[in-house]
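Protein chains: 2
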Amino acid sequence: MLEKKVISKLRKILGQKAVLTAREDLNAYSYDGTTTWVHMPDVVVLPTTAEQVSQVLKLANDNKVPVTPRGAGTNVSGGSIPIKGGIVLCTTRMNKILDINKTNLTATVEPGVVLQDFNIALARQGLFYPPDPQSFLGCTIGGTIAENAGGPYCVKYGVTKQYVLGLEVVLANGYIMQLGGVTVKNRTGYELMMLFTGSEGTLGVITRITLRLMPLPPANKTMMAIFDDMAVGGQAVSSIMASGVVPAKIEFVDNFVIRRIEEMTPMGLPVEAKALLLIQADGSPAAVEAEAKQIVDILKKSGAKEIKVAKNANEAARYWKMRSAGFAAVFSAAHTVLAEDVAVPRDKLAEFIRKLEDISKKSGFFISYLGHAGDGNLHPSIFTDIRNKKEFDKAQKTMGEIFEAALALGGVLSGEHGIGLEKQRFLKRAMDPVALNLMIKIKGILDPNHILNPGKIWEEEKV
Amino acid sequence: MLEKKVISKLRKILGQKAVLTAREDLNAYSYDGTTTWVHMPDVVVLPTTAEQVSQVLKLANDNKVPVTPRGAGTNVSGGSIPIKGGIVLCTTRMNKILDINKTNLTATVEPGVVLQDFNIALARQGLFYPPDPQSFLGCTIGGTIAENAGGPYCVKYGVTKQYVLGLEVVLANGYIMQLGGVTVKNRTGYELMMLFTGSEGTLGVITRITLRLMPLPPANKTMMAIFDDMAVGGQAVSSIMASGVVPAKIEFVDNFVIRRIEEMTPMGLPVEAKALLLIQADGSPAAVEAEAKQIVDILKKSGAKEIKVAKNANEAARYWKMRSAGFAAVFSAAHTVLAEDVAVPRDKLAEFIRKLEDISKKSGFFISYLGHAGDGNLHPSIFTDIRNKKEFDKAQKTMGEIFEAALALGGVLSGEHGIGLEKQRFLKRAMDPVALNLMIKIKGILDPNHILNPGKIWEEEKV
Chain A
1 MLEKKVISKL
11 RKILGQKAVL
21 TAREDLNAYS
31 YDGTTTWVHM
41 PDVVVLPTTA
51 EQVSQVLKLA
61 NDNKVPVTPR
71 GAGTNVSGGS
81 IPIKGGIVLC
91 TTRMNKILDI
101 NKTNLTATVE
111 PGVVLQDFNI
121 ALARQGLFYP
131 PDPQSFLGCT
141 IGGTIAENAG
151 GPYCVKYGVT
161 KQYVLGLEVV
171 LANGYIMQLG
181 GVTVKNRTGY
191 ELMMLFTGSE
201 GTLGVITRIT
211 LRLMPLPPAN
221 KTMMAIFDDM
231 AVGGQAVSSI
241 MASGVVPAKI
251 EFVDNFVIRR
261 IEEMTPMGLP
271 VEAKALLLIQ
281 ADGSPAAVEA
291 EAKQIVDILK
301 KSGAKEIKVA
311 KNANEAARYW
321 KMRSAGFAAV
331 FSAAHTVLAE
341 DVAVPRDKLA
351 EFIRKLEDIS
361 KKSGFFISYL
371 GHAGDGNLHP
381 SIFTDIRNKK
391 EFDKAQKTMG
401 EIFEAALALG
411 GVLSGEHGIG
421 LEKQRFLKRA
431 MDPVALNLMI
441 KIKGILDPNH
451 ILNPGKIWEE
461 EKV
Chain B
1 MLEKKVISKL
11 RKILGQKAVL
21 TAREDLNAYS
31 YDGTTTWVHM
41 PDVVVLPTTA
51 EQVSQVLKLA
61 NDNKVPVTPR
71 GAGTNVSGGS
81 IPIKGGIVLC
91 TTRMNKILDI
101 NKTNLTATVE
111 PGVVLQDFNI
121 ALARQGLFYP
131 PDPQSFLGCT
141 IGGTIAENAG
151 GPYCVKYGVT
161 KQYVLGLEVV
171 LANGYIMQLG
181 GVTVKNRTGY
191 ELMMLFTGSE
201 GTLGVITRIT
211 LRLMPLPPAN
221 KTMMAIFDDM
231 AVGGQAVSSI
241 MASGVVPAKI
251 EFVDNFVIRR
261 IEEMTPMGLP
271 VEAKALLLIQ
281 ADGSPAAVEA
291 EAKQIVDILK
301 KSGAKEIKVA
311 KNANEAARYW
321 KMRSAGFAAV
331 FSAAHTVLAE
341 DVAVPRDKLA
351 EFIRKLEDIS
361 KKSGFFISYL
371 GHAGDGNLHP
381 SIFTDIRNKK
391 EFDKAQKTMG
401 EIFEAALALG
411 GVLSGEHGIG
421 LEKQRFLKRA
431 MDPVALNLMI
441 KIKGILDPNH
451 ILNPGKIWEE
461 EKV
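In order, the protein sequence lines correspond to chains A and B.
Note that the first sequence ends on residue 463 in this note's numbering; no numbers are left out.
Note that the second sequence ends on residue 463 in this note's numbering; no numbers are left out.
For the record, the hints were derived by calculation from the structure and aren't laboratory data.
Be careful, since some hints might not be right.
In this list, chains with the same sequence are indistinguishable; a pair is considered to hold if it fits within one copy or across any two.
Each computed DSS-like pair below joins lysine-lysine, with the alpha-carbon atoms no more than 27 angstroms apart [to be verified]:
{"hint": "1", "residue 1": "Lys58", "residue 2": "Lys441"}
{"hint": "2", "residue 1": "Lys102", "residue 2": "Lys301"}
{"hint": "3", "residue 1": "Lys102", "residue 2": "Lys156"}
{"hint": "4", "residue 1": "Lys428", "residue 2": "Lys441"}
{"hint": "5", "residue 1": "Lys293", "residue 2": "Lys156"}
{"hint": "6", "residue 1": "Lys64", "residue 2": "Lys441"}
{"hint": "7", "residue 1": "Lys390", "residue 2": "Lys428"}
{"hint": "8", "residue 1": "Lys300", "residue 2": "Lys102"}
{"hint": "9", "residue 1": "Lys102", "residue 2": "Lys293"}
The whole structure should be built from the sequences, with the hints applied where relevant.
The structure is reproduced here in structure tokens:
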């Protein structure tokens, strides 16, 4: 439990209204997008300036109080759970878009700006920021940087780190450090900014972000393809990627997700389909026409049972709404959902799906999946109940098998969600031990008292 | 001078023919693409395996012998000069393309593969690796990773680090560390790979690289625009970037370079032009037609005196040959050439050019420039003679003014060449002091004896 004098100092730094201690307030910051982790913080602070963040961290560092940085808490690996209690430092009130520069194709924002609000502001000026985690309606940009978030658009446009040009980061000792700038090229020393993209709040608190933008593609077209067999759908993805066309998005949804969404919000989805691919081409109108035709041809040859090309923006939006509702549909299907985030090489997707089918049969667990097929990044989910220890343990063991299957195909533990709490027990299997040790040493330089998001990414040695 | 027993141990590790000690051999490894730096190594080793690299580094580390990793030595910031003597570890014999995977859109290579050889192998399969430093005919892929190289294609496609998916790196103590993998998304822990992209050989020796590829764009079109005023040309670049079209390349060449190339290899260039923009659109044939039309319209409105659209691949190749000959043209123009590599925000390009004109007038130094205008990345060059101390000092002072002018516009010290020896005296002005200190601490973790490329990036304190 936090000392009263620390809380009273926090109130001095931030003002009464920006320091929450009531149980019902703390509750709201005790969980994130996962269904497995809950832990109460002692206090929640809502700073509005980097200077306040600096003073909070200095105070916490002097008193060795854990600080868990948090955006909107939409992450799905347990990264924003205050597992050691202490302070939750929530950036949602630092939500100003500071600059959008159409000629330089850059924008500077505070970390608490909601991704969707940013996208709307950009679209008004004909601009585009591609990384699109499917929590875009709520997630904060700071959170997407700390997690190096992905999303459907990453097939063509790459992940979050590829758009970060400049960061202001407050270090554990309160120092406000400037990294990078507003130029698209910068070779001034080591790529230190890239340590913070994907650091999951363990190395510093991001307080300002400069991002590279693109012009909004003038046209796009969405296609839906239905398959009788999931692995055949996976093979179709490989064929598209090998054909020379790069769609903006290639998403994969299984029968369970289709049915579940249709139950929740009927939108006339093909509930009998074993698997469904959603594909979007974008670019100039002429290029989109040509690419869409090429994609439809490949889908036909790949054994798609049915192919629908969205006739207009409304129809396309309906398809994509289904996809973005996918995670909610999965997470609301059981008391506890273990959602993996493995990625395999794109040419191993069909093989991986077959292996998942085997694991499901053997374990008896139904496995649902959706994901970013164009990146080989699937989210296999197991439905279980954490209150039933025996079943939960078995579910975790099955998750381990899924992970081993991905690794055996040259895959990785996490494609875009990060490690957080959810995947840390697998980390040693997934990383070179010297690289893991290097991470811990870098953490030691930047946060010697281990106050920043302690207990995350790697397992503390169980003494 | 290196102890004889170290050299004899190197011979044991590598064999006689892979250890060079003759003066005429060492000479060839005493300089790089700069004209200001020369230093003889004591010995040059040419390993062919990561295991050999590991044994060399272990031996060097045990004996505290400096090791300067080197690819083809084409870099232009002094990064591969063995400024402290010792061992030059040259990777040019590790030159195998290990895998090209068309479906996964990845390739795995050894560090000594020449970029042009790689591009030729990829083109045969309809594949494309965008980063294109203009030393592509000779530079090695390992060198481009260690320098995080840029090039003309980066306007549309981004810099080298955005393509690195996996690295094998030999650490100073000889440990062979594996980072990343072959998937396009990977969120397993911190982005440690990004420490090595741009590390300029100071953190480890890269021995294997997995890169993300793209399909070769099916069509492209090259345009040349001639301007009476350099800043007007710079403004045209801003107008193109703000218009919503993203050309693959936008290059800038000044009158000096045009004349110099025409003197060396007459190719009918417009020798009266004050500035010349070379622009390439790429993508599907229909998209390229549409984009080229849009670009030509903007160029006309921006005050271009003449616009030529290359009628065929030969004509386009001729234009691009001029651009890639640019650096050679500049570097052969004087005994010593100080070539800056500043980048400014893209909307500040015209203003920066005006400032360069002022600096030239005031200092009396003629400044030539060419560069990647689409990225705001220019290479202003001053012609001088290092043997004339007074003039050379004045040239260096003028370089400092150019750098200050770029910084004042929100620019950076290096867009793509790195710091090496050439720009280290400016580093303190260009970086947050705590970030600089963080770099040095990370170096201390990975290379506690400071054997790897010592004396580079930051200045050692002059005690």
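- prompt: So which of the earlier hints does this model not fit?
  reply: none
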